[in-house]
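**Student:** Construct all of the structure, not just a fragment, from the sequences and the given hints.
Chains W and E are the protein sequences, given in the same order. Mapped onto my numbering, the consecutive letters of the first sequence carry residue numbers 1 to 319. Mapped onto my numbering, the consecutive letters of the second sequence carry residue numbers 1 to 319.
Hints are all accurate, no fakes.
The calculated lysine-lysine pairs, modelled on DSSO-like cross-linking and capped at a C-alpha distance of 27 Å, are: (1) K302(W) - K264(E); (2) K302(W) - K7(E); (3) K316(W) - K262(E); (4) K226(W) - K199(W); (5) K302(W) - K262(E); (6) K156(W) - K226(W); (7) K302(W) - K261(E); (8) K316(W) - K264(E); (9) K302(E) - K7(W); (10) K302(E) - K35(W); (11) K244(E) - K156(E); (12) K302(W) - K35(E); (13) K247(W) - K70(W); (14) K244(W) - K156(W); (15) K262(W) - K316(E); (16) K302(W) - K156(E); (17) K261(W) - K302(E); (18) K316(E) - K316(W); (19) K199(E) - K199(W); (20) K35(E) - K316(W); (21) K262(W) - K302(E); (22) K302(E) - K156(W); (23) K316(E) - K264(W); (24) K302(E) - K264(W); (25) K262(E) - K35(E); (26) K35(E) - K156(E).
Because the hints were derived from the structure by calculation, they are not lab data.
Given next are the chains, with one letter for each unit.
There are 2 protein chains.
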Amino acid sequence: MNEVVEKVVAGDVRTVARLIRDIDDGVPEVREILKALYPHTGNAYVIGITGAPGVGKSTLVDQMVTHLRKRDKTVGVLAVDPTSPFSGGAILGDRVRMQRHSMDQGVFIRSLATRGHFGGLTQSTRSAIDVLDAMGKDYILVETVGVGQDEVDVVKSAHTTVVVVIPGMGDDIQAIKAGILEVADIFVINKADREGTDKTLSDLRLMIDMDHKKYEEGSWKPPILKTQAVFDKGVKELLEEIEKHGKHLIESTGGLHVRRKKEKVRDELVEMVKSRLYEEVVNRLILTGEFDRAVESIVEGKLDPYTACDDLVIPKLDL
Amino acid sequence: MNEVVEKVVAGDVRTVARLIRDIDDGVPEVREILKALYPHTGNAYVIGITGAPGVGKSTLVDQMVTHLRKRDKTVGVLAVDPTSPFSGGAILGDRVRMQRHSMDQGVFIRSLATRGHFGGLTQSTRSAIDVLDAMGKDYILVETVGVGQDEVDVVKSAHTTVVVVIPGMGDDIQAIKAGILEVADIFVINKADREGTDKTLSDLRLMIDMDHKKYEEGSWKPPILKTQAVFDKGVKELLEEIEKHGKHLIESTGGLHVRRKKEKVRDELVEMVKSRLYEEVVNRLILTGEFDRAVESIVEGKLDPYTACDDLVIPKLDL
Numbered sequence: 001m002n003e004v005v006e007k008v009v010a011g012d013v014r015t016v017a018r019l020i021r022d023i024d025d026g027v028p029e030v031r032e033i034l035k036a037l038y039p040h041t042g043n044a045y046v047i048g049i050t051g052a053p054g055v056g057k058s059t060l061v062d063q064m065v066t067h068l069r070k071r072d073k074t075v076g077v078l079a080v081d082p083t084s085p086f087s088g089g090a091i092l093g094d095r096v097r098m099q100r101h102s103m104d105q106g107v108f109i110r111s112l113a114t115r116g117h118f119g120g121l122t123q124s125t126r127s128a129i130d131v132l133d134a135m136g137k138d139y140i141l142v143e144t145v146g147v148g149q150d151e152v153d154v155v156k157s158a159h160t161t162v163v164v165v166i167p168g169m170g171d172d173i174q175a176i177k178a179g180i181l182e183v184a185d186i187f188v189i190n191k192a193d194r195e196g197t198d199k200t201l202s203d204l205r206l207m208i209d210m211d212h213k214k215y216e217e218g219s220w221k222p223p224i225l226k227t228q229a230v231f232d233k234g235v236k237e238l239l240e241e242i243e244k245h246g247k248h249l250i251e252s253t254g255g256l257h258v259r260r261k262k263e264k265v266r267d268e269l270v271e272m273v274k275s276r277l278y279e280e281v282v283n284r285l286i287l288t289g290e291f292d293r294a295v296e297s298i299v300e301g302k303l304d305p306y307t308a309c310d311d312l313v314i315p316k317l318d319l
Numbered sequence: 001m002n003e004v005v006e007k008v009v010a011g012d013v014r015t016v017a018r019l020i021r022d023i024d025d026g027v028p029e030v031r032e033i034l035k036a037l038y039p040h041t042g043n044a045y046v047i048g049i050t051g052a053p054g055v056g057k058s059t060l061v062d063q064m065v066t067h068l069r070k071r072d073k074t075v076g077v078l079a080v081d082p083t084s085p086f087s088g089g090a091i092l093g094d095r096v097r098m099q100r101h102s103m104d105q106g107v108f109i110r111s112l113a114t115r116g117h118f119g120g121l122t123q124s125t126r127s128a129i130d131v132l133d134a135m136g137k138d139y140i141l142v143e144t145v146g147v148g149q150d151e152v153d154v155v156k157s158a159h160t161t162v163v164v165v166i167p168g169m170g171d172d173i174q175a176i177k178a179g180i181l182e183v184a185d186i187f188v189i190n191k192a193d194r195e196g197t198d199k200t201l202s203d204l205r206l207m208i209d210m211d212h213k214k215y216e217e218g219s220w221k222p223p224i225l226k227t228q229a230v231f232d233k234g235v236k237e238l239l240e241e242i243e244k245h246g247k248h249l250i251e252s253t254g255g256l257h258v259r260r261k262k263e264k265v266r267d268e269l270v271e272m273v274k275s276r277l278y279e280e281v282v283n284r285l286i287l288t289g290e291f292d293r294a295v296e297s298i299v300e301g302k303l304d305p306y307t308a309c310d311d312l313v314i315p316k317l318d319l
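**Tutor:** Structure follows, in structure tokens:
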């Protein structure tokens, strides 16, 4: 185990790749390695990039990597895909696009699909961030799809979260849901040469203004940037804005490392406990056959699922 | 309790509204009522409608309700919003649009936000479906936002799941992720008067064809429909296609009620156990202060989160 830890800290690509695959597969032995790596974390700047499918997140990430590399920063990229419970797979997409960085030693790119277990996506992502952090990457870009609770949870680990939209994404009310507004530090309107950009801009501005009234003075008000990632337009400005947000974070938290902030630690621990409970209890119930017997009884109409749940869960707890 | 059950089964709107609010708030007493209601469920046809924000799901649902009412069918609508962990609220949107049905006794519309507890959205939705089912609604339309795992889990309770997209939602590869393809029984291209409709149609068709090769003969191949929900175009055809899918389900499962199918029962029970574990263990850890003490130790750098998780979870389990 010590050898693995040493190799990760030394930046050994093959060891890191294997470790992240094990995290993704839910291999229990990983836990001890993560414990030992933890003291080596806390140095990377984590940027979350989220938005609906098709808004151009991957292209944006790709350009951001190029800019960061020009500044001699090392970069880790995690592409987080919602998993299909059946096929268990993320499809092509993100990896294909990133190929131009594949020969660059300063860039490490991985997709997470969380094949091994349900409900562990957030936890796997956090652990993978810790690994890239311990590996010594200066920046970690986490790309997530969509606006579900899962994605919101994932980007909560980031120092700065960028929400990407495109012009004409539906009308005023539905365009941005509350959940996303809460996590957005910066909004990006990508494909900003398209019709409807001004409308989207003013809608977003209104929404941010309305939302911002809730917060105290001196709190961060999310800026809105226009980009055309395909043509590398606006990407430099985005990185500048991220830097600005980073400075704001450091000032407002008294220089404390943000991921160590109480609120974030709390959120992370909740997630961790949740996925641990699942692993320990549900996996065991499946292994012993108890779970399948309960399913049979429900299918045969002998038992309702609410009672079945009581019968399965309560004896496993020592409260 | 018996009174509540009787009133729900008799279709009493006020009792149902209160019960669904209690489900949404995670009131534990609800569990016994749900057990007693379960024998009264299994008669409604559940339709899931999912897609990214802004594709026009609510308008589509609204038109579907109108058509179903013309056929004298009673309808329940559940609008499931991703919750903001901070504001805990769904915003205006869906309710506003549905107002034209608000005086119709045959329609019951509610939003779920799952204010009470994290991770319980899927479970709350399922319980709310059971309530509307026991209440005697012929059709239950469940509208969910996005493409995350949460949403995928939610629509797994449906007999038929409709995935709504709009033309020009990004390029080929990213437009539809694997997770959504697995749950889609019918694809709808809404706003089909827009530029790019044909491209979206052929992309979808290709993807379905590729995916479909995996399945055995006689399995359902998702059709693609074009709609313009605002002008009520294609909505009637959509309902016909849903009916066709329903017939296919009955034939392929030997007339068994689909939600009683082993696979669905299994998925539902996993979700139920998951959210129950969370409620029992995490809520208790928070109540006793153990959780906050662990957070403090991590913030102070005395403890890593992985060890903290072990210390919190393991003593609560009796395995």
